[in-house]
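Visitor: Can you build the whole structure from these sequences, using the hints too?
Residue numbers (the working numbering), protein chains in the order written: chain X, 130 to 336; chain P, 1263 to 1456.
I should point out that these hints are in silico values taken from the structure, not numbers from a laboratory. Note that CB positions come from ideal geometry on N, CA and C, so glycine has one too. Possibly wrong hints are sitting among the right ones.
What the hints assert, rightly or not - Listing some non-contacts, in silico: residues in chain P with all C-beta distances to chain X over 12 Å:
hint, residue
1, ILE1267
2, SER1328
3, SER1329
4, LYS1331
5, TYR1346
6, PRO1389
As the list claims (entries may be wrong) - Label-pair ranges, simulated between beta-carbon atoms:
hint, chain 1, residue 1, chain 2, residue 2, range
7, P, ASN1302, X, MET130, 34 to 40 Å
8, P, GLU1268, X, MET130, 44 to 50 Å
9, X, GLU164, P, ASP1271, 52 to 58 Å
10, P, ASP1271, X, GLU157, 42 to 48 Å
11, X, TYR188, P, ASP1277, 22 to 28 Å
12, P, SER1328, X, ARG147, 19 to 25 Å
13, X, LEU237, P, SER1328, 45 to 51 Å
14, X, ASN134, P, ILE1274, 39 to 45 Å
15, X, ARG147, P, LYS1287, 18 to 24 Å
16, P, ARG1378, X, GLY185, 18 to 24 Å
17, P, GLU1325, X, ASN134, 28 to 34 Å
18, P, ASP1308, X, ASN134, 35 to 41 Å
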Amino acid sequence: MCENNRIKERLPDYRDGRLESDELRNIEVHLAACEDCAMEFRLLSLMAEEQVPDPGEPYWAGLSDRVYREVLRKQPATARFTLFEGFTFPIMHRWSWATAAVIVLASLTWYLAPAQMPGGPGADLMDESAVSEVAFDDGIDMTVLSESELDDLVTWASTQYAALFADEPADLLLMATDNENEDQLEGLNVRELNRLSQMLDSRNKEG
Amino acid sequence: MDQDIELLDRFIDGDQESFEELVRKYQKPLYSFIWRMVNNHDDASDILQKTFVQAFTGLKRFERRSSFKTWLYQIAMNLTKNHYRDRGRVDFVSLDDVVIKKNPRTLENLIQKETRTALRSAMTALPEKQRITVLLRVQENKTFEEIASIMQCTIGTSKANYHHGVQKLKTIVSEQDNSEVQDQMSGETDHVRK
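Guide: What follows is the structure, given as structure tokens:
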């Protein structure tokens, strides 16, 4: 058996006439002397001559369209919407629209609900009650309030801090014991409160 | 830039004519390659269409390191392998059966039409990689570099598969000269195991 693989590997090219003249001559000389390679060459030629049956022109003519329809069916994401010539964009999946909608809603929620999301852009847009709380924290001149307003304020304060006290009943009890006179203060009107305030101020000045 | 790559880019931009040009360019060589592996039109046609569909719908996986042509051949080869595995059987013909069936005494007998069919059957007896390599080299005129690229192996491996495959095919011919074996086989019934 011939071991000249270099010749054997080139036999298909020799058969197809794809060799340069030098190499062509070498193979011709070799085939004339080597029965093994000559037999292999005849075998390869026999295989190469076998023709594949042609399915006919109608088959080839319709293949492209069949494949294109199948490609579109299997790849709807590549479909494009043409608004006008030269301006097309891909048609997105339904989940793409759903994701976009969720992002928009989340952004709106973040913008319009500052109380729940500190630091959001709407944090400065405080409602009326928030303004009152700030003003109260800064101190309020109760002398300008009418009696009814003062009553409303006391009612509001009781309601506002009830939950706080309810969380710590022991502290509330202690506060009530230590500050039992506070209950009496609720019954004072504005003038009495002012008088009390002036009295406390003068005592403070006296030391 | 590679002409095929240009056509591909135009197809991606929505140009249907580029798509048709690529299909027309490769439909016949691919059909020939597939037909030689499956030996019938229905399967070859089905696999050919799947090859194009898979190639064009899977362009994201085409890394453009090899040519589009090689990419198509890789897909066709893998689909053909899967086709037989899905069917759960592979047409198998032993080399001995081919000799029994045709009973030729010399290589010249092989040149007859019937014996060409026998040779095709003998091809199916080769291991898959050897069969595809011989087919690509001899019948599809591919270089060893192209074969290595399609089969995703080294050039050395593709050459080794080729030499082993051709050597096994030649065994058929050499066995024909063994008259003792022929006499023993001549009375047996032709059969092809499937």
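Visitor: Given the hint of 42 to 48 Å, check if P/ASP1271 and X/GLU157 actually sit that far apart at their C-beta atoms.
Guide: holds, 46 Å
Visitor: Please check whether X/ARG147 and P/LYS1287 have a Cβ separation lying inside 18 to 24 Å.
Guide: Taking Cβ atoms as reference, X/ARG147 and P/LYS1287 lie about 21 Å apart, which means the hint holds.
Visitor: Using the beta carbons of P/ASN1302 and X/MET130, state whether their distance is inside 34 to 40 Å or not.
Guide: Given range 34 to 40 Å: holds, Cβ gap about 35 Å.
Visitor: Taking 18 to 24 Å as the stated bounds, is the beta-carbon spacing between P/ARG1378 and X/GLY185 within them?
Guide: holds, 22 Å
Visitor: Is the distance from the Cβ of P/GLU1268 to the Cβ of X/MET130 consistent with 44 to 50 Å?
Guide: holds, 48 Å
Visitor: So is P/SER1329 really clear of chain X, every C-beta pair being over 12 Å apart?
Guide: holds, 19 Å
Visitor: With 12 Å as the threshold, tell me whether P/ILE1267 passes as away from chain X on beta-carbon distances.
Guide: Consistent with the label, P/ILE1267 stays out of reach of chain X, its closest Cβ about 18 Å off (over 12 Å).
Visitor: Verify the CB-CB distance for X/GLU164 and P/ASP1271 against the hinted window 52 to 58 Å.
Guide: holds, 53 Å
Visitor: Do X/LEU237 and P/SER1328 keep their Cβ atoms within the hinted range of 45 to 51 Å?
Guide: About 49 Å separates the Cβ atoms of X/LEU237 and P/SER1328, which means 45 to 51 Å holds.
Visitor: Does the no-contact call for P/PRO1389 survive, Cβ to all of chain X over 12 Å?
Guide: holds, 17 Å
Visitor: Taking 39 to 45 Å as the hint, is the beta-carbon distance of X/ASN134 and P/ILE1274 inside that range?
Guide: Check passed, 43 Å falls within 39 to 45 Å.
Visitor: Is the distance from the Cβ of X/TYR188 to the Cβ of P/ASP1277 consistent with 22 to 28 Å?
Guide: The hint (22 to 28 Å, Cβ to Cβ) holds, given that X/TYR188 and P/ASP1277 are roughly 24 Å apart.
Checked against the numbered hints above, the structure violates none of them.
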